[in-house]
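Model the full structure from these sequences, guided by the hints.
Protein sequence lines correspond, in order, to chains X and W.
When we follow the numbering used here, the leftmost residue of the first sequence carries the number 1, and every step to the right adds one.
When we follow the numbering used here, the leftmost residue of the second sequence carries the number 1, and every step to the right adds one.
Keep in mind the hints are simulated off the structure, nothing from the lab.
Just so you know, these numbers come straight off a predicted model, no measurement behind them.
Just to be clear, a hint being listed does not mean it is correct.
[Said to hold, decoys possible] Below 20 Å or equal to it, Euclidean Cα-Cα: the simulated DMTMM-like pairs (lysine to aspartate or glutamate) are:
no., chain 1, residue 1, chain 2, residue 2
1, W, Lys-152, W, Asp-191
2, W, Lys-71, X, Glu-422
3, X, Lys-37, W, Asp-191
4, X, Lys-432, X, Asp-477
5, X, Lys-337, X, Asp-143
6, X, Lys-71, W, Glu-422
7, W, Lys-71, W, Glu-118
8, X, Lys-71, W, Glu-251
In case you want the letters, here they are:
2 protein chains.
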Amino acid sequence: MSKQLEGPILPFLRIDATIALPKFRQVQDQLRMAILKGHLRAGTRLPASRILADELGLSRQTLVRVLENLKAEGYLEARQGAGTFVSAALPRQSTKLSMPARGDVTDSAPPRLSRIGEQSRRMSADIGQMEDRPFLPNRPALDRFPFAIWRKCWNAVARSGKAVAMGYGDVAGELVLRQRIAEYLALHRRDPCDPEQIVITPGGHAAFSLAALALADAGDGIWFEDPGPITTSNLFRTLGLRLCPTHVDAEGLDVEGAIARYPDARLAFVMPSRHHPLGVTLTLPRRLALLEWARANDAWIIEDDYDSEFRYDGAPLPSMRSIDSNGRVIYAGSFSKALYPGLRVGYLVLPPPLIGTFRNLSALIHRSVPVETQLALAEFIGGGHFASHLRRMRSLYAERRETFTQVAQETLAGLARIDSSESGLNALAWLKGGRQDQAPHRAVLDAGLQCYPLSDYTIATPLPGALILGYAGVPADRMRPLLLRLADAIARTEGNIGR
Amino acid sequence: MSKQLEGPILPFLRIDATIALPKFRQVQDQLRMAILKGHLRAGTRLPASRILADELGLSRQTLVRVLENLKAEGYLEARQGAGTFVSAALPRQSTKLSMPARGDVTDSAPPRLSRIGEQSRRMSADIGQMEDRPFLPNRPALDRFPFAIWRKCWNAVARSGKAVAMGYGDVAGELVLRQRIAEYLALHRRDPCDPEQIVITPGGHAAFSLAALALADAGDGIWFEDPGPITTSNLFRTLGLRLCPTHVDAEGLDVEGAIARYPDARLAFVMPSRHHPLGVTLTLPRRLALLEWARANDAWIIEDDYDSEFRYDGAPLPSMRSIDSNGRVIYAGSFSKALYPGLRVGYLVLPPPLIGTFRNLSALIHRSVPVETQLALAEFIGGGHFASHLRRMRSLYAERRETFTQVAQETLAGLARIDSSESGLNALAWLKGGRQDQAPHRAVLDAGLQCYPLSDYTIATPLPGALILGYAGVPADRMRPLLLRLADAIARTEGNIGR
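Here you go:
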């Protein structure tokens, strides 16, 4: 039945004295691998431990330890009075493990994926990766963040009730943070809600995923503003939704047109406060028409209120949620722009009938964010630091926008027309002479700066070439040299018009 | 065309001097609501501002401010020489907003949801909510966490390179954390991998969601150990997978049986190091048979290695991933048990052909965890604190397990048989006399303690009644009084046998 090992065991084992791994670990790992690869087959008897120890240059004690470990793992077995064997129970198939197979990592055929996986695989490799260089869109002024106060809030959490911060926490997010957010929304967004309506998510995108998964099946239509943020449209597309690109004009999303073309959509994703990247605000008549469409068609509206905090002329417009009497609006907020992107905290405000569903789904698919982060953020908002930070940032960004617009109009004269709306962190530079934006975009990256080409945001309706530039993260005194560098980069692609 | 407002405007407006909201905000909010509710219809002319101000007891200046704001928001419009009107552009439908509608929040019909949403809605309302009371399963010893060192790691991150911690970060998680995890796995789990193969997720469940979404479509089969963790089976069920309950015996998952019953499954979710809640380890022959099935059927294995760190006899068994030559294993780890649940950091180690797909999907659906948390954790692991914390916890938990087993065998004698495996944070108390576990479970909760009934974990195969008890979080000197209270609670339900 059992085979005696033919020839020395040594060919399978190579002890390397130059590496840090102890000898016994090397022998153990290599013996295991020799068994897994079928070099040592099931049922094979090993040489007597004294001989094996000699052959391997190990003490007998060390070798015995190796053999005991491999017995405990199930690779070897002792048979009374007969010595040590490769376990007879190991399946023959184990010999195949060393052979290339369909699923082998050296195989170049794409792996077998779900529809969602396949969509993800086909996407550009750098999706969502953003290099933090000047003019990166949606980048707040990190250098002006009140870091000392922020640390104090963390320390306050660390001092009080460690166990709370370390436990499993509430699946929808800590109640104290939801209370602070509800208070903030009531005071500053004129939109009171019950903290129970809030679900905290690991960032804004997790909030959109949650809503899309809970409210729409694969194949269901979703209105999506064209142009619109590429990672968000990719999210919905990847989840299998049917993207319904809707036209955007000076009054925002063309609701009438969308109703005419996609009356049966299940969802509408909108940025009513400030469309990204065009900067327009959805007018009141259109808001009401959108709400009425949702009511009449049992559809849902995801309101992305991602940077309503930064409006430089007058107060921000009330949210759509605040004028929705029929519970059709799912309001999505995030702290990525108001505080900093690395914080990764987002939230949803839900119509009451959706609370249970979203709590449960959130508990299953991601279960909120680090509890300490939530408590520190609650402390920061509760202490009034959030409101005063926003106040300071509003005036800082208004200043930077002013400087940017002035200097850019000068430095980019002849190259682009500057369009900086009265809100947000970004401006558009519309390229002159009908130029496309891809070559200038690459030139800007090559110059060590950042921007997004508007064409990356368009879905069905081509637009003139434009670059999306973030000014909020650029100090006023750096604006001129950086804009000169930008102008130089764009100018150098002048020869490529039409390419 | 335009209607003059009949009667005083006052009926719609009630200024309340006792609330904190300034008068002008009250008037503004109420005027807006009156328009939205259709009390003031599109085209209606407002009284002259002087009259209105008098009527409302506001200064004319304040009233003008209110009217200007509502004009800016689109509710009112000025007509040259004719006064202020409710905007004619507002759709007639706005009057419907005050009427109950299909989607109204007072409507008791369930809201229109996706299949995933509908599954979530039907789930028990307290899914994933865990009260931190003695014997809560999977609860580590939070009181022994090296909080001072942990704070130092955070402060080190705070001091160095704030901008890095605040920026968008890498969509798959910070490289430095992925490097530290790879080093940890190589040294302590004998399982080297490239940091590029790692994707950081917001907790362990987010890791499972990511894998399930990328690898299986709705309707695809997934092997799932029966009994098994209810939130995990609920996750897969909710995502639309076909749950294939597989038998577990003393050698772990019954691979042969699963192959016979569900050969075409797309996924296998397994806990080979330590099955939860039974505590068994998957034997080597079965591991190899499982790997071979996955290879031959182009299926994927999700290896949940959630608490392999805590094994009290000998070194932990090597992971399945480490003996997988065909790239079929997706390894899932989490810091919830090794550090603390509130941390919410999990990760996956991927076969190379899946890296791009998982990076992209992660970027879209949740985009990693707070960057600061990741950097602090990297610092903690890199400083050797993680390994030494685990070492200390291993001996602490071994001690607590010893005490628990000893005392429980005594206090629960006649009520339950104690079964504490050589690993993990929990033990099983098998109820004597064929008793069911639901009534004793409720009694334990009523006594201010925690535990899970085994019957909550069973899917298709009923098991004898048992309670899952977490001992790792209970100090040795509290064990006896708490176990006495537990015994008392269980004993009090003796009369309910069979119910």
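For each hint, the structure was consulted:
Taking the CA atoms of Lys-152 of chain W and Asp-191 of chain W, the gap is near 29 Å; set against the 20 Å cutoff, the hint is violated. In summary, the hint linking Lys-71 of chain W to Glu-422 of chain X is supported, as the alpha carbons are separated by about 17 Å, within the 20 Å threshold. In summary, the hint linking Lys-37 of chain X to Asp-191 of chain W is supported, as the alpha carbons are separated by about 17 Å, within the 20 Å threshold. With a C-alpha separation of about 27 Å, the suggested pairing of Lys-432 of chain X with Asp-477 of chain X is violated against the 20 Å cut-off.
For the given pair, Lys-337 of chain X sits about 13 Å from Asp-143 of chain X by alpha-carbon distance, which is consistent with the 20 Å threshold. For the proposed pair Lys-71 of chain X and Glu-422 of chain W, the alpha carbon gap of about 17 Å is at most 20 Å, so the pair holds. Of the pairs offered as hints, the one joining Lys-71 of chain W and Glu-118 of chain W is violated, with about 42 Å between alpha carbons and a cut-off of 20 Å exceeded. At roughly 15 Å between alpha-carbon atoms, Lys-71 of chain X and Glu-251 of chain W fall within 20 Å of each other, so this suggested pair holds.
Hints 1, 4 and 7 from the earlier list are contradicted by this structure; the remaining hints agree with it.
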